[in-house]
Amino acid sequence: MCCPGRPNQKGPPSHTPHSSFIRHYDQHASAYIVLNMERGAHRGVAERQDMTEFWKVHSRQATVEEMMLDSNAQELTEHELPEILSLLPSVAGKDVLELGSGIGRYTCHLIGKAHHVTAVDFMEKFVEKNRRDHSHLGKADFLQADVTQLNFPQNSFDLIFSNWLLMYLSDGELSTMVEKMLAWLKPGGHLFFRESCFHQSGDCKRDFDPTRYRTPALYNHLVTSATWQDNKKAFGFDIVLTKSVQTYIKMKKNKNQVCWLLQKAPRDAAAQQGDFSTFQQFLDNQQYTRRGILRYEKMFGAGYVSTGGLSTTKEFVDLLNLTPGQKVVDVGCGIGGGDFYMAKNFGVEVLGMDLSANMVEIACERAVSEKLPLVHFEVADATKRVFPEGTFDVVYSRDTILHISDKLELFKHFYSWLKPGGKLLISDYCCGEKPWSPRFEEYVKQRGYILYTPKRYGQFLEEAGFTNVRAEDRTVQFIRVIKRELGKGEDMREEFIQEFSQDDFDAIVNGWTEKLQRCELGDQRWGLFYATKK
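Just so you know, our numbering puts the end of the sequence shown at 554, numbered straight through with nothing missing.
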């Protein structure tokens, strides 16, 4: 069944009372049915009928077990619900749309805090129970509807929340739905959704299962490629985070439960990275393709895509004096080698985050063989990720922050994430004093790097509130490591070419040779930074 187009852009303004949404939906539902009949979308109708029949079977009692399709639903909810809620932005005073609300597992936590909640579900019994149990808690509308037929005025909501819904839509319906949600959100608003990927999780017996168990990569592509135009201004979704639901990992050893938090952001053509709308797309499609990552790893060593591989990791981690039970966040974790090293050797719990979905996908694959429950990974934008104050003992980052423009603001985030007495350790690309050579200017522009001298970098840390700041120029060590890696590359030339190609080998060797030249000229520097929180 095809979805209707975007909401009427000439419709009511964003402050329209929420009760009018139901009338708005009713009007468009009739038009939708007529349009659908005219188009003869028989396949789509059959798909919606399959979904209807599936949920008729699994909604007879309107219980949490039916809704979650799992006999262990009560215990799962006890642990899962606070985990999911902790990932949401604040809903205080916000307008929230909850899609696939079911019997209201999450509705009851959104109502009361939010300014208004519009809770939508496909099945009448679920909606009735949700309304009966939760309508007294605050301002809310409870709407029975097929989400593919919904229409709301543009810029209506601050948060759209969806838990196990999109996997019940066809690819075409999902693509249209993402565009519609983009339109319904206010600029800066958030979309949170959670889906079962790869395979089912619940133990409920199913005679037939029309669910689409997509890969996280497919969801990433669909949501980040969506665009919407509003008065000549274009918007898209930026990924704030993507991660597996830890409750299912701990209780079921199941990593297929994946959630996303996205933010509606303007798409500025002048700020695009070449042919890509977002920096994240640029990373995954150009700078850090899966092949590109694996060829770096071949040179740096298993698990590493940063300078010096295991040797510099050992040296730098030793500066932290880690102790068992501490919590570490690794910003720009790559494929996780450093995280596995810290967990194995020091018994610390590590959260690795990276903006590159390709990096995190490989890290998660490696985590299966490493069998380290203390290491977790997520696709996340460190500039937008929120943690409660004092969450971590250590913030660790290797050669990543060169991509981030507002380093002072980022360091303030790091400061808040740390417990009192917490430590920060960063290595990063830096630069010499200007003027730079034209070739270096072009290199920095082409890569989109934002570089500062090691001294200025240290000053940013002090301005963010850190004490005991050590800002060290490690360029001499960087040159030594590059030369060693070039020698290693030459030793494995035939093996590397056989596994990849001559072009891949030449690309890495030529790139590192140019890097060596930039360092010897003084344009490019390498910094190591250590600091503590009071």
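Calculated directly from the structure, the hints in this document are not laboratory data. Just so we're clear, the structure is a prediction, and the values are computed from it rather than from any experiment. Hints may be right or wrong, so weigh each one.
As the list claims (entries may be wrong) - Calculated pairs, DSS-like style, for lysine-lysine (alpha carbon to alpha carbon, straight line, at most 30 Å):
{"no.": "1", "residue 1": "K503", "residue 2": "K404"}
{"no.": "2", "residue 1": "K252", "residue 2": "K432"}
{"no.": "3", "residue 1": "K347", "residue 2": "K391"}
{"no.": "4", "residue 1": "K465", "residue 2": "K454"}
{"no.": "5", "residue 1": "K439", "residue 2": "K318"}
{"no.": "6", "residue 1": "K252", "residue 2": "K114"}
{"no.": "7", "residue 1": "K454", "residue 2": "K427"}
{"no.": "8", "residue 1": "K275", "residue 2": "K318"}
{"no.": "9", "residue 1": "K334", "residue 2": "K347"}
{"no.": "10", "residue 1": "K454", "residue 2": "K334"}
{"no.": "11", "residue 1": "K391", "residue 2": "K454"}
{"no.": "12", "residue 1": "K159", "residue 2": "K133"}
{"no.": "13", "residue 1": "K133", "residue 2": "K145"}
{"no.": "14", "residue 1": "K391", "residue 2": "K334"}
{"no.": "15", "residue 1": "K439", "residue 2": "K391"}
{"no.": "16", "residue 1": "K404", "residue 2": "K439"}
Structure-based check of each hint:
| no. | hint | in the structure |
| --- | --- | --- |
| 1 | K503 <-> K404 | violated, 37 Å |
| 2 | K252 <-> K432 | violated, 35 Å |
| 3 | K347 <-> K391 | holds, 18 Å |
| 4 | K465 <-> K454 | holds, 15 Å |
| 5 | K439 <-> K318 | violated, 37 Å |
| 6 | K252 <-> K114 | holds, 26 Å |
| 7 | K454 <-> K427 | holds, 19 Å |
| 8 | K275 <-> K318 | holds, 27 Å |
| 9 | K334 <-> K347 | holds, 18 Å |
| 10 | K454 <-> K334 | violated, 33 Å |
| 11 | K391 <-> K454 | violated, 47 Å |
| 12 | K159 <-> K133 | holds, 10 Å |
| 13 | K133 <-> K145 | holds, 25 Å |
| 14 | K391 <-> K334 | holds, 21 Å |
| 15 | K439 <-> K391 | holds, 28 Å |
| 16 | K404 <-> K439 | holds, 19 Å |
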